[in-house]
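A.B. asks: My request is simple: use the sequences and hints to build the entire structure.
Given next are the chains, with one letter for each unit.
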Amino acid sequence: MLKAAARLLQRWTQATVTPEPERLDVTLDAADLVPAVAALQEARWGYLAAITGVDLGPEAGEIELLYHFCAGAAVVTLRVRTPRNQAFVPSICDSVPSASFYERELMEMLGVTVANTPNTDRLFLPDDWPQEVYPLRKDFRLEDAPLPGSDT
Amino acid sequence: MEFNKTWQDMLEQLKTWARVNSPWAIHFNSGSCNGCDIEILATLTPRYDMERFGLKLQGSPRHADVLICTGPVTRQARDRLIRIYEQMPDPKFVIAVGSCALSGGAFQGCYNILGGIDQVLPVDVYVPGCPPRPEAIIDGVVKLLEQLKAGYQPAARRSGVLRPVPVPVTDAG
Amino acid sequence: MTAEREPFRIPIGPQHPSLKEPGHFEFSVDGEIVTQASLRLGYVHRGIEKGAEQRSWVQALYLLERVCGICSHVHATAYCLGVEKLAGVEAPPRAQAIRSLVAELERIHSHLLWLGVAAHEAGFDMLFMHSWRDRETVMNLLEGITGNRVNYSANLLGGVKCDIDQRLADAIRAGLDYLEERTQHYLDVVLNDALFLRRTRGIGVMSREDAERLGVVGPTARASGVARDVRVDAPYAAYRTLPVQIVTEMAGDLQARFIVRVRELFETYRLIRTLLDTLPEGELTVRIPRRIPPGEAISRVEAPRGELFYYLKSNGSDQPERIKIRTPTLPNFASVLVLTVGRQLADVPMILAGIDPCFSCNDRMVAIHDTGEGRDRRWTWEQLRQHGIEVYR
Ligand code: SF4
Chain A
2 MLKAAARLLQ RWTQATVTPE PERLDVTLDA ADLVPAVAAL QEARWGYLAA ITGVDLGPEA
62 GEIELLYHFC AGAAVVTLRV RTPRNQAFVP SICDSVPSAS FYERELMEML GVTVANTPNT
122 DRLFLPDDWP QEVYPLRKDF RLEDAPLPGS DT
Chain B
2 MEFNKTWQDM LEQLKTWARV NSPWAIHFNS GSCNGCDIEI LATLTPRYDM ERFGLKLQGS
62 PRHADVLICT GPVTRQARDR LIRIYEQMPD PKFVIAVGSC ALSGGAFQGC YNILGGIDQV
122 LPVDVYVPGC PPRPEAIIDG VVKLLEQLKA GYQPAARRSG VLRPVPVPVT DAG
Chain C
52 MTAEREPFRI PIGPQHPSLK EPGHFEFSVD GEIVTQASLR LGYVHRGIEK GAEQRSWVQA
112 LYLLERVCGI CSHVHATAYC LGVEKLAGVE APPRAQAIRS LVAELERIHS HLLWLGVAAH
172 EAGFDMLFMH SWRDRETVMN LLEGITGNRV NYSANLLGGV KCDIDQRLAD AIRAGLDYLE
232 ERTQHYLDVV LNDALFLRRT RGIGVMSRED AERLGVVGPT ARASGVARDV RVDAPYAAYR
292 TLPVQIVTEM AGDLQARFIV RVRELFETYR LIRTLLDTLP EGELTVRIPR RIPPGEAISR
352 VEAPRGELFY YLKSNGSDQP ERIKIRTPTL PNFASVLVLT VGRQLADVPM ILAGIDPCFS
412 CNDRMVAIHD TGEGRDRRWT WEQLRQHGIE VYR
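Residue numbers (our numbering), protein chains in the order written: chain A, 2 to 153; chain B, 2 to 174; chain C, 52 to 444.
Treat the hints with care, as some may be off.
Subject to a maximum C-alpha distance of 30 Å in a straight line, what follows is the list of computed DSS-like cross-link-like pairs (lysine-lysine) [to be verified]:
(1) A:K139 <-> C:K136
(2) B:K16 <-> B:K150
(3) C:K364 <-> A:K4
(4) C:K364 <-> A:K139
(5) B:K57 <-> B:K16
(6) A:K139 <-> C:K101
(7) C:K136 <-> A:K4
These are computed hints drawn from the structure, not numbers from a lab. The structure presented is a predicted model; accordingly, all values stated were derived computationally and were not measured.
C.D. replies: This is the structure we're talking about:
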């Protein structure tokens with residue numbers, strides 16, 4: 002399974018790692034994400050299990066996005082990096098409609114702009130959550146989001 | 002005048018009697034992990050059968066005397082919680098079920114948590130446990146009913162500080 | 052009013068507890084037919100992923116166990132397996148077997164719970180009471196093993212903290228015998244009861260293609276003929292030596308989802324008996340360092356509702372760097388949004404219940420907002436449910 006995936010993704014691959022026997026991590030350029038995902042979908046390789054956003058911290062200045070695809074025991078992770086101050090990735094909802102939830106999560110939790118995603122509403126955070134405060138970023142502090150209704 | 006007073010007293014007594022014998026409750030989850038909720042539901046089922054105390058869980062806040070709250074209060078749920086409370090007719094009572102509802106429990110310090118129910122509403126009965134056993138929940142309800150019989154006024158009416166009614170956890174196995 | 056009539060917008064929510072967050076659905080309807088659906092979560096969003104980053108590895112275990120009170124054990128298992136992978140240790144075989152055993156007991160409790168709740172949504176409270184009464188049998192067993200009815204905390208990093216002795220094993224066997232008999236009865240109800248069939252057969256059909264495309268997991272996928280089960284696909288804990296039979300149905304409708312779950316119970320009973328018979332001897336825990344070596348791990352386990360996905364990242368300190376949780380309900384929610392479109396409004400409660408979003412106990416307000424006529428009506432979930440029951444009377 003992993004070999005098949007490696008072959009499908011070959012064109013866009015920048016580096017690959019196999020951290021565990023049944024895993025394959027493929028580093029991609031953010032611009033190649035859409036065709037790479039489409040290639041996996043077209044070949045009916047697995048399903049999107051999750052999109053994880055990891056803030057690498059203010060020093061590294063980057064956010065890493067991990068697109069996990071599972072097929073049986075095999076897990077392929079597409080790794081994409083984007084600068085922290087201008088986090089931006091294209092949406093993969095065209096080929097994977099169920100990605101919409103994860104992309105909404107990325108937008109509100111990490112402040113990643115997802116271009117062309119069908120729904121940009123908040124998914125988890127409350128309506129009165131301050132704009133431009135992203136809880137999953139490493140430099141988030143509780144004080145950034147004052148608790149409402151401390152008068153009650 | 003004299004007659005009038007007794008008449009009012011009797012009405013009061015009648016109301017208390019009715020309230021004690023058929024309290025209707027609404028359950029609201031303001032951010033719980035579900036553990037408490039399933040235990041509350043379990044109290045309705047044949048083994049525990051809370052309805053033998055006349056307590057009925059039903060859907061609308063406008064019919065409810067008792068608000069059973071579970072979970073810490075999340076930012077998003079806070080307004081709903083207050084709205085539901087305000088829709089309830091007076092006198093109304095609040096039972097906080099579970100460690101989370103008491104203090105925020107395991108979720109203290111998370112960014113979306115305001116803390117326990119008493120940060121938002123006046124609470125009459127606290128039932129600790131994570132989750133409390135159904136017996137403890139029933140005990141909490143019964144304690145409230147007993148207090149009512151003894152002329153207890155809802156926490157909301159007593160001005161200023163709240164006086165919690167602690168409910169001991171039953172001997173969990 | 053213009054010729055372009057504005058559709059009714061019906062928000063369902065905000066409250067119904069799901070695995071991690073309760074959702075707020077909004078349905079647009081044309082007459083009785085749903086034309087559009089969207090979802091807003093967050094009423095029970097507690098910020099657990101962030102909270103876990105601020106706690107130590109051990110503390111995070113107890114926090115993550117409280118992601119969901121219904122399937123707390125699988126969360127803890129997924130987390131422990133992931134951390135053990137990172138630390139390069141493996142829990143002893145006896146611990147693995149007990150983990151799987153508790154997980155299977157939890158599956159029984161969860162499926163029975165769901166059967167009751169789904170029956171309640173269909174207006175079949177009798178079945179609700181029956182299945183919850185029987186569920187108490189499992190709760191007793193779980194309490195006997197772990198000391199708590201919910202949030203058992205059976206797992207430790209590097210093992211488990213409870214053992215199974217002869218007395219417990221006998222009690223479990225006796226409990227299973229009783230449950231097996233009852234489950235036979237439930238299967239009978241699900242297959243033959245006229246009321247049930249009217250509410251379930253041919254409703255909320257999801258084709259195999261859709262199921263694969265939407266990435267649905269667990270019994271919802273298996274009811275559409277997609278044989279997807281982490282216990283088989285990527286065995287973990289004791290399942291590596293214990294083959295699991297996948298139960299699938301082809302119909303893809305609500306009834307199939309019922310049948311799959313009830314049939315799965317039989318498989319679960321078999322698994323538990325086998326586990327008890329072959330329980331390996333030995334230690335319950337291994338030592339695990341306080342600081343976890345840097346690295347990343349992905350850990351997948353099969354929760355009662357489907358695949359639970361954990362991504363763990365360690366930076367070598369005593370606190371996790373990042374934990375990502377993908378609960379099974381999230382992809383299944385996506386299917387609800389698709390499935391309800393074109394269906395009767397009255398079917399919505401059942402379709403929602405069909406994916407088992409921990410649909411337990413709350414009042415859910417349903418606001419019918421008719422922008423066209425400027426009316427604003429609110430329904431409670433209860434009324435919508437009643438509506439469903441009346442339509443099918
Ligand atoms: S008290 Fe425990 S069981 Fe209850 S909601 Fe909180 S974490 Fe869940």
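A.B. asks: Looking at the structure, which of the earlier hints fail to hold?
C.D. replies: none
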